[in-house]
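> The chain contents come next:
2 protein chains.
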Amino acid sequence: MSTSNRTNVAIIGMGTVGAGVARLLIDHGDRTARHAGKTIWLSKAVVRDLNKPRGIDLPAGVLTDSIDEVLDDPSIDVVIQLMGGLSPAREVMLRAMEAGKDIVTANKALLAEHGGELFTRARQLGRSIAFEAAVAGGIPIIANVSQCLSANQILSLEGILNGTSNFIVSQMDEKGVGYDETVKLAQQLGYAEADPAMDVDGTDAAQKLAILSHLAFGATVDWRDIPRSGIDGLDPADLGFAGRLGYRIKLLATARLEDGELELSVGPTLVRKGTPMAEVRDAYNAIRVVGDAVGPVFYHGLGAGQMPTASAVVADVIDMAVGRTPITFQTLEYFSEDRPARAVQRDVAKLRGRYYFRLRVANHPGTLAAITGVLAQHAISISSVIQHEDVACENQNDGGIPTVPLVIMTHEASEGAARLAVEAIEGLDVVDGDVVRMPVRG
Amino acid sequence: MSTSNRTNVAIIGMGTVGAGVARLLIDHGDRTARHAGKTIWLSKAVVRDLNKPRGIDLPAGVLTDSIDEVLDDPSIDVVIQLMGGLSPAREVMLRAMEAGKDIVTANKALLAEHGGELFTRARQLGRSIAFEAAVAGGIPIIANVSQCLSANQILSLEGILNGTSNFIVSQMDEKGVGYDETVKLAQQLGYAEADPAMDVDGTDAAQKLAILSHLAFGATVDWRDIPRSGIDGLDPADLGFAGRLGYRIKLLATARLEDGELELSVGPTLVRKGTPMAEVRDAYNAIRVVGDAVGPVFYHGLGAGQMPTASAVVADVIDMAVGRTPITFQTLEYFSEDRPARAVQRDVAKLRGRYYFRLRVANHPGTLAAITGVLAQHAISISSVIQHEDVACENQNDGGIPTVPLVIMTHEASEGAARLAVEAIEGLDVVDGDVVRMPVRG
Chain W
1 MSTSNRTNVA IIGMGTVGAG VARLLIDHGD RTARHAGKTI WLSKAVVRDL
51 NKPRGIDLPA GVLTDSIDEV LDDPSIDVVI QLMGGLSPAR EVMLRAMEAG
101 KDIVTANKAL LAEHGGELFT RARQLGRSIA FEAAVAGGIP IIANVSQCLS
151 ANQILSLEGI LNGTSNFIVS QMDEKGVGYD ETVKLAQQLG YAEADPAMDV
201 DGTDAAQKLA ILSHLAFGAT VDWRDIPRSG IDGLDPADLG FAGRLGYRIK
251 LLATARLEDG ELELSVGPTL VRKGTPMAEV RDAYNAIRVV GDAVGPVFYH
301 GLGAGQMPTA SAVVADVIDM AVGRTPITFQ TLEYFSEDRP ARAVQRDVAK
351 LRGRYYFRLR VANHPGTLAA ITGVLAQHAI SISSVIQHED VACENQNDGG
401 IPTVPLVIMT HEASEGAARL AVEAIEGLDV VDGDVVRMPV RG
Chain Z
1 MSTSNRTNVA IIGMGTVGAG VARLLIDHGD RTARHAGKTI WLSKAVVRDL
51 NKPRGIDLPA GVLTDSIDEV LDDPSIDVVI QLMGGLSPAR EVMLRAMEAG
101 KDIVTANKAL LAEHGGELFT RARQLGRSIA FEAAVAGGIP IIANVSQCLS
151 ANQILSLEGI LNGTSNFIVS QMDEKGVGYD ETVKLAQQLG YAEADPAMDV
201 DGTDAAQKLA ILSHLAFGAT VDWRDIPRSG IDGLDPADLG FAGRLGYRIK
251 LLATARLEDG ELELSVGPTL VRKGTPMAEV RDAYNAIRVV GDAVGPVFYH
301 GLGAGQMPTA SAVVADVIDM AVGRTPITFQ TLEYFSEDRP ARAVQRDVAK
351 LRGRYYFRLR VANHPGTLAA ITGVLAQHAI SISSVIQHED VACENQNDGG
401 IPTVPLVIMT HEASEGAARL AVEAIEGLDV VDGDVVRMPV RG
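These protein sequence lines are chains W and Z, in that order.
Going by the UniProt record's numbering, the residue at position 321 of the first sequence is 321; the numbering climbs one at a time, nothing skipped.
Going by the UniProt record's numbering, the residue at position 159 of the second sequence is 159; the numbering climbs one at a time, nothing skipped.
If you are wondering where the hints come from, they were derived from the structure by calculation, not from laboratory data.
For each residue, glycine too, the CB sits at the ideal point set by N, CA and C.
Take these hints with a grain of salt, some might be off.
In silico DSSO-like pairs for lysine-lysine, Cα to Cα no more than 27 Å straight-line [unchecked claim]:
#1 175(Z) <-> 273(W)
#2 175(Z) <-> 175(W)
#3 184(Z) <-> 273(W)
#4 38(Z) <-> 175(Z)
#5 175(W) <-> 52(W)
If the Cβ cut is set under 8 Å, some of the chain W residues that face chain Z in the computed set are [claimed, not checked]:
#6 29
#7 33
#8 37
#9 155
#10 323
Not close to chain W: a few residues of chain Z, all C-beta gaps over 12 Å, as computed [claimed, not checked]:
#11 52
#12 68
#13 140
#14 149
#15 188
#16 259
#17 276
#18 279
#19 323
#20 387
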């Protein structure tokens, strides 16, 4: 870190976010200087294609297509690593640290995959990594969990961490349109990628939850080990039934400490209407953290987008330049193998909660008795039932018997019992097809 | 600041919050040490009455009734200043800094009154003051505005900053009971002081807004210059009419940058239902900050209470011990006379917004024409009107003419025009008594 009155930075990767970061650094040097106590100077911006238009005028000599120009320049203190993907992003980050640079990054997938290696190497080299922009964009959740709530044992953390999914679910709920049509709209509006798989299948949220779980609970979690389901293929019928029961469906990422074990999950979840989490619309993110001293703290903001993400990146650059990040990084020893894990992940079957089941059943006497009998055998008690008498909802099963939808909301039960009950219910003659199952909050 | 592996702290003032801070420091030394990278050691706790029960067992030798025992002890690094009121709290803080101690405080009134003097003296002495607990208790808004959102020009900041008022208004709204009865309930439940004047008349919220305005906008504001009204004497009728128009009434503190000038106000405000701010219940606080890069960020949490406030105090102690606070304090130069104000307060008459008016009018032809005529003269256009035909609402004015309530919601107008219009309307023969006027958001 330069101790002079100027911190020189380079951006690697001038996509949407990179251009936003450059704009803040170039157009608003007064505010970064005021907060950093020194000038923050954009020395280089590395791109693959020098001729691609980027909607921003960079001073002469800043733009380059050579990473080496950054790595070989000892005057550059901080590398803003905005390359996506795992490789060569990982190699570039390692080389930059070896060249004596501190790192600010927004690459959540890279941290979720290689966090242990990268943070260990940073400590060996006496360098720091800041990553506020990697989770929830404009919500400064990394700083809040690492610093502002440091007097607390965090008891739970749950959030809407994927804006694309939330946009799709909110639109389906408000407009009553189907999944495929809504994905197309999200793509037209720029809220979804051409291939939105990682967003809608829960991968992105699980990677973010793995990072937050490390910071909040001291757990080292492989995001692949987090039980997850996505909103891909969500049936509008479930949004309608949830609404009638007083709930909305949200793609919720949850981490909860129970008896020293950490319950983790990502999936569509029924959230009670009128709670702040249920009212999160559009592409917004939200996170609710419960600390044993502070109680519940709720954060809501834009989870992605050029300037919200750039805001997080530049705050990290300021914290790095002014010297706060190195203190935090060295003290907390993120992802250190020398620090024993403070919580281990709980076996999925032991998770407990309330559940929503939707199934199609034969419309004749004894059906409800058969199903409630199975639930009783698994010690699952029922809090609400919706059984349609509406003829418009009648289909016929393969045997030609009319079927109707049946919705059951349970009291608290274990995930293990819920799974076994679903299997048994799916095996009943009176049940047609699979059971849709989601957890319920609030 | 001690550079050893231990930071010694003393608490001055062992009321509810002091006991909570002591509990966190004594019972949870592991977590403070993990975040501070060193032991945080409670050396002394100063009380007026050594014999008063405090619900916490302190190690032998910690409790004392002598402030000098703290000030004269060079091993004590940080003084946690939890005395209320202005004097002797101010003198004690000055003496502690002169004795070489850094300060963590929750005393918002002291900072609002004497911030300039105290911060200037701290800088002269090379000391730091941390004050997260002074505003919004469990919501870490000081750190978020000072650090996390540092890449932004903050455009507006509005919040529910007084939990007592919010509890009273929410209860009146939900239960339909009157102001006086609700205040008694709040006192029974411990949400309101025996004399709740400073909470319900807007003073407390104005003091907090003055502090936040300094951090967010670089404005030096005397809280007395903030136009303010309280919820004392709020009429349940207005909650009802607001509800019918799709709004709730909240005691809202607002700071908004317009053309380089800062619009400040504290008062009961109509907030649109379904927005996060309108759904803040009980004694919760909430703050919505809009930054030019990050967009809107919304925070919600407990604004007061023993452990939420202690959480903020202990986070400050950790930040002080680990070295982040001194960096922030020295860089940002809070309340420095050497730093020119970046925004000045706008003349109240220039504020613009939508308004809610409620008045009693004579129930005969021409009344509405007379009133809307006055509004038109002042270039104020109307968005909604509720005029009751309900006989149950009919009263009689002094002249024996039946009167009914009339509610008008306007489109955007200036505060100056709204005031003049209200004066003119109150002078009309068809109008009985004063006009109730509140701003409208959303």
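> Against each hint, give a clear statement of whether it holds in the structure.
Hint check:
1. Using a Cα cut-off of 27 Å, the hinted pair residue 175(Z) and residue 273(W) holds, with the two alpha carbons roughly 20 Å apart.
2. A C-alpha spacing of about 33 Å is found between residue 175(Z) and residue 175(W), which places the hinted pair above 27 Å, so the restraint is violated.
3. Simply put, residue 184(Z) and residue 273(W) have alpha-carbon atoms about 31 Å apart, too far for the 27 Å limit, and the pair is violated.
4. Between residue 38(Z) and residue 175(Z), the direct Cα distance comes to roughly 50 Å. Violation of the 27 Å bound is thereby established for this hinted pair.
5. A hinted pair counts as satisfied when its Cα atoms are at most 27 Å apart, and residue 175(W) with residue 52(W) does not qualify at roughly 38 Å.
6. Interface restraint check for residue 29(W): the shortest CB-CB distance to chain Z comes to about 12 Å, outside 8 Å, so the restraint is violated.
7. The interface hint given for residue 33(W) is broken, as the beta carbon of that residue sits about 10 Å from the closest beta carbon of chain Z, more than 8 Å.
8. Annotation: interface hint on residue 37(W) holds; nearest CB of chain Z at approximately 4 Å, less than 8 Å.
9. About 13 Å separates the beta-carbon of residue 155(W) from the nearest beta-carbon of chain Z, more than 8 Å, and the hint is not met.
10. Evaluation of the residue 323(W) hint against chain Z yields a held restraint, the C-beta minimum of about 5 Å falling below 8 Å.
11. Residue-level check passed: residue 52(Z) sits 23 Å from the nearest beta carbon of chain W, beyond 12 Å.
12. The claim that residue 68(Z) lies off the interface holds: its Cβ sits roughly 29 Å from the closest Cβ of chain W, which is beyond the 12 Å cut-off.
13. The beta carbon of residue 140(Z) is not kept farther than 12 Å from every beta carbon of chain W, the shortest such distance being approximately 3 Å.
14. The claim that residue 149(Z) is not at the interface with chain W is violated, since a C-beta of that chain comes within 12 Å of its own (minimum 7 Å).
15. With a least CB separation of 21 Å from chain W, residue 188(Z) remains clear of the 12 Å interface cut-off, as annotated.
16. With a minimum CB-CB distance of about 18 Å to chain W, residue 259(Z) clears the 12 Å threshold, and the non-interface call stands.
17. Against chain W, the non-interface label of residue 276(Z) is violated: not every CB pair exceeds 12 Å, the least being about 6 Å.
18. At roughly 7 Å from the closest C-beta of chain W, the C-beta of residue 279(Z) falls inside 12 Å, breaking its exclusion from the interface.
19. Not every Cβ of chain W is farther than 12 Å from the Cβ of residue 323(Z); the closest lies at roughly 5 Å, contradicting the non-interface assignment.
20. With a closest Cβ-Cβ approach of about 31 Å to chain W, residue 387(Z) is found to remain outside the 12 Å limit, as its non-interface label requires.
Violated hints for the displayed structure, listed by number in ascending order: 2, 3, 4, 5, 6, 7, 9, 13, 14, 17, 18, 19.
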